[in-house]
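> Okay, here's what each chain looks like letter by letter:
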Amino acid sequence: MKKRKFGLALSMLLAAGTILGACGTATDKGNEKESDATGTNGETAEFSVAMVTDVGGVDDKSFNQSAWKGIQEWGAEHNLNKGDGGYDYLQSVDDSDYIPNLNALARRDFNLVYGVGFLMEDAIGEIAQQQKETEFAIIDGVVEEPNVASVLFKEQEGAFLAGVAAALMSETKKIGFVGGMDIPVIERFEAGFVEGVKAVDPSIKVDIQYTGAFDKAELGKATANRMYSSDIDIIFHAAGGTGNGVFTEAKERKKADANANVWVIGVDSDQYDEGKVGDHNVTLTSMLKRVDVAVKDIANKAKEGKFPGGETIVFGLSDDGVGLADSRGAIPQEILDQIDEYAQKLASGEIEVPEHRQK
Amino acid sequence: MSNRVIKILVPVISIFLGLLVGAIVMIFSGYDPIAGYIALWNGIFGDVYAIGETIRQISPYILAGLAVAFAFRTGLFNIGVEGQLMVGWFAAAYVGMAFELPKAIHLPFALIAAAVAGALWGLIPGILKATLRVHEVIVTIMMNYVALHTVNALIKAVSDGGYKTEKVKPTASLRSDFLSQLTDYSTLHYGILVALAMVVVMWFILEKTKTGFELKAVGFNDQASQYAGMNVNRNIVLSMVISGAFAGLGGAMEALGTFGNMSSRGGFTGIGFDGIAVALLGANSPLGVIFGASLFGSLKYGANNMPNAAGIPLEIVSIVIALIIFFVASGYIIRVLLTRFNKKKEAK
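In order, the protein sequences belong to chains A and B. The first sequence begins at 1 in the numbering used here and counts up by one. The second sequence begins at 1 in the numbering used here and counts up by one.
Simulated from the structure, these hints should not be mistaken for laboratory data. The structure displayed is predicted, hence computed values, not measured ones. Warning: the hint list may mix true and false statements.
Below, in silico cross-link-like pairs of lysine-lysine (DSBU-like), each with a Cα-Cα straight-line distance of 35 angstroms or less [as the list claims (entries may be wrong)]:
| # | chain 1 | residue 1 | chain 2 | residue 2 |
| --- | --- | --- | --- | --- |
| 1 | A | 132 | A | 173 |
| 2 | B | 156 | A | 198 |
| 3 | A | 69 | B | 103 |
| 4 | A | 303 | B | 156 |
| 5 | B | 167 | A | 301 |
| 6 | B | 164 | A | 132 |
| 7 | A | 221 | A | 255 |
| 8 | A | 205 | B | 167 |
| 9 | A | 132 | B | 208 |
| 10 | B | 167 | A | 132 |
| 11 | B | 156 | A | 69 |
| 12 | B | 343 | A | 132 |
| 13 | A | 173 | A | 296 |
| 14 | A | 174 | B | 167 |
| 15 | A | 174 | B | 156 |
| 16 | B | 103 | A | 255 |
| 17 | A | 173 | B | 156 |
| 18 | B | 169 | A | 221 |
| 19 | A | 296 | B | 103 |
| 20 | A | 198 | B | 167 |
| 21 | A | 69 | B | 169 |
| 22 | A | 306 | B | 164 |
| 23 | A | 221 | B | 156 |
| 24 | B | 103 | A | 301 |
| 25 | A | 205 | B | 164 |
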C-alpha cells in the first residue's frame, strides 16, 4: 500500500520535472526568437517609445492615461505596433517598482522612456546614469542628467482660467478646491485657481481642502459633501482618483434634485463623461493638462535627433499645454468671451500667475 | 503514506493547485498561461538583475514577517507593523542624511535609530495593553494612521516644505558598488544580511533565553504564566517593543537601501500588512518567515514581469498571484484531505 502511494508521489514529481523542463526549453526558444527579431530589425531600427506609469495606473482618467493616449497616437502616426520596437507601457503598483520598470524598458531597447509623475524623479535620476544609451523624459519633475528631458506644465495658467470660469458662474459666491496630496504640482493648481477667482471678484471665498491622497474616492466624496452642504456650488478638483468621489457626490445631488446647483470642474483630461447623470451633466468644464501633447512633442524631437536632454521644457497656455475643455453649453457664450479675454492676457504675459500660494 | 511524505506533498500540491487555478483564470481571460508563468519565472530568476531585485524585495518582508511572528508568539496581534515600519523608515532616512560620521558608526547608528523608532511605536500599544487591557489590534491600527500623517508632516518639516527627504549620505547607505555590479545595476543592498541576522536574533531570543521562554509561555497561557510567577505585563510590553524594533528595521531597508530617502506618502506601503501573511505562512517561526517572505517577495517582484514579457494585464496578474498565495495558505485543507484519503484506503 505504502509503496504504491510512494510510487504515485514519485511519478508526480517526475511529471512536475518534465513540465518544468519543458518550460526551460520553451524559454530558451523564446529568447532565441527575440534575439533573432532584434537582429533583423536592427538595421532598419524604428524609433520606439515606452512609458512607466506611477501608482495611479494607466487608466487613471488623468495624466497617466493622457500620456498613454499621446504615445498611442504617436505610435499610430508612425505605423508602430504595441510591443518591442514600437510602443508600450508598464504599470507600477508600488514606489519600489519604478526603478525595475524603467530598467526593464531600457533593456528592451526602447529609444525613449517616459516616467510619468514627479514621484519618479529619483528613480529616473538613478537609471539615467546606468543606461546612458537610452533617452528618458520625466513628466511633472526635473532631473538634471544629460540624457533626461524634464517636462513641466504651467498648471497655474490653466487653473487660473478655471478660477475665472468658477467665479463668473458661481451663484452663491462660494467655491471649493479639492486637492490630492499637498505637493508642488498641486500647489500650482491651487495657486492659479485662487488667483483666477480673485481676479474676477476678490470677495469670493475659496474653501481649500487637501485629502492627502490621489486614490481615495471616498475622501473626495466626503469633502464634496461637506462643501456642497455649506452652500458651495462649484468645486474644482485636482486630486486624480480622489476627484472621482467629488463627481459621485455632485451626481447624487443632481439625481435627487434636478434643479440642484452643483458643478464640478474636472482636471487633466476632459472629464465631461464623468459628470453625466441622466439628461444632465455636472461637469462645468475641465482644466486640460495636455500631457499627450507634450509626450508627442518630445517623441518627435527625439526621433529627429533633437532630443532636449538635460533641458526643462515648460508647456503653458501659449504652447497648447494647458487650457479649458469645451463646456458643451454649461457656460454661456458671454462668459466664455470673458474667459477668452483673460486667456489672451495670460498668453501675452499681461497677467502673471504665481506658482505658489499667497500667504 | 507516512507523515513525512504528507509533509512534503502538502506544499507541492498547494503550489501546483495555485498555479493550475491561476492558469485557468488566464485561459478564461484570453491569455497564454505558459507564457505567463515563464515570464513569472524569468521575472524572479531570469538573470542576475532579477535575482538581485527579488532578494531586495524579500529583505523588508522578512523583517515585517519577524515583527508579526514575534508578537504572535506572545499571543499579541501586531497590526501596527505598517506604522512601526514607516517611523523606522523616516528615522533611518533622517539620521542617514543629517549626520556626518564615519561609515562604521553612521550605518549602525541609522539602523539603531530605525529600530528604536519602531520600538517606541510598539511600546505605546504594549503599555496600553499591559496596564489598561486596551486591545492591541485597535491601538496598533490607529497608530498606523498616526504614523502615516506624522511622518508626512516630519518629511515636510525637515525638507523645508518639500515632499521628500534628501538622499542619505553614502556613509549610511546599505547599497554598494560591489552588489550592484554583481547584479547588473539592480538595487540589491546589504539589507538582506541585516534581515537574516535578525532571523537568528529572533530564534536566539525565543529558544535560548529565559526571556524568550517567558514570552512564549505568556503566549500559550498568560494566566498559567502569572501563576508560575512570571510578570505577564512586562512580557507583553517587551514583546511589542522587540516586534516594533524588527518592523523599524524593515523601514531602514527602504530608507538606507532601496530608496535612499523617504517621500511623503498618500497611503500605506502594504509591507506591514503583507507581513501578517508572511508570518502566518511561516507558522510564526523564524525559519518559516524566511520561506514566507521569499514566496511573497519573489511573487511580488516577479509578477511585474508578466505584463512586461507576456502582455498580461496587471489586474489578472494580481488575481493569479493572490490565488497562488491562497492555495499555499490553505495547505491545511490539503493535509486534511490527504489524511482522510489515506485512512479510507487503509480501512479497505
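> Against this structure, judge whether each hint is valid.
Hint-by-hint comparison with the structure:
| no. | hint | in the structure |
| --- | --- | --- |
| 1 | 132(A) to 173(A) | violated, 54 angstroms |
| 2 | 156(B) to 198(A) | holds, 28 angstroms |
| 3 | 69(A) to 103(B) | violated, 47 angstroms |
| 4 | 303(A) to 156(B) | violated, 40 angstroms |
| 5 | 167(B) to 301(A) | holds, 32 angstroms |
| 6 | 164(B) to 132(A) | holds, 26 angstroms |
| 7 | 221(A) to 255(A) | holds, 15 angstroms |
| 8 | 205(A) to 167(B) | violated, 40 angstroms |
| 9 | 132(A) to 208(B) | violated, 52 angstroms |
| 10 | 167(B) to 132(A) | holds, 22 angstroms |
| 11 | 156(B) to 69(A) | holds, 34 angstroms |
| 12 | 343(B) to 132(A) | violated, 64 angstroms |
| 13 | 173(A) to 296(A) | violated, 40 angstroms |
| 14 | 174(A) to 167(B) | violated, 43 angstroms |
| 15 | 174(A) to 156(B) | holds, 30 angstroms |
| 16 | 103(B) to 255(A) | violated, 64 angstroms |
| 17 | 173(A) to 156(B) | holds, 33 angstroms |
| 18 | 169(B) to 221(A) | violated, 42 angstroms |
| 19 | 296(A) to 103(B) | violated, 46 angstroms |
| 20 | 198(A) to 167(B) | violated, 39 angstroms |
| 21 | 69(A) to 169(B) | violated, 40 angstroms |
| 22 | 306(A) to 164(B) | holds, 32 angstroms |
| 23 | 221(A) to 156(B) | holds, 26 angstroms |
| 24 | 103(B) to 301(A) | violated, 45 angstroms |
| 25 | 205(A) to 164(B) | holds, 31 angstroms |
Going down the numbered hints, you'll see the structure goes against 1, 3, 4, 8, 9, 12, 13, 14, 16, 18, 19, 20, 21, 24, while the others check out.
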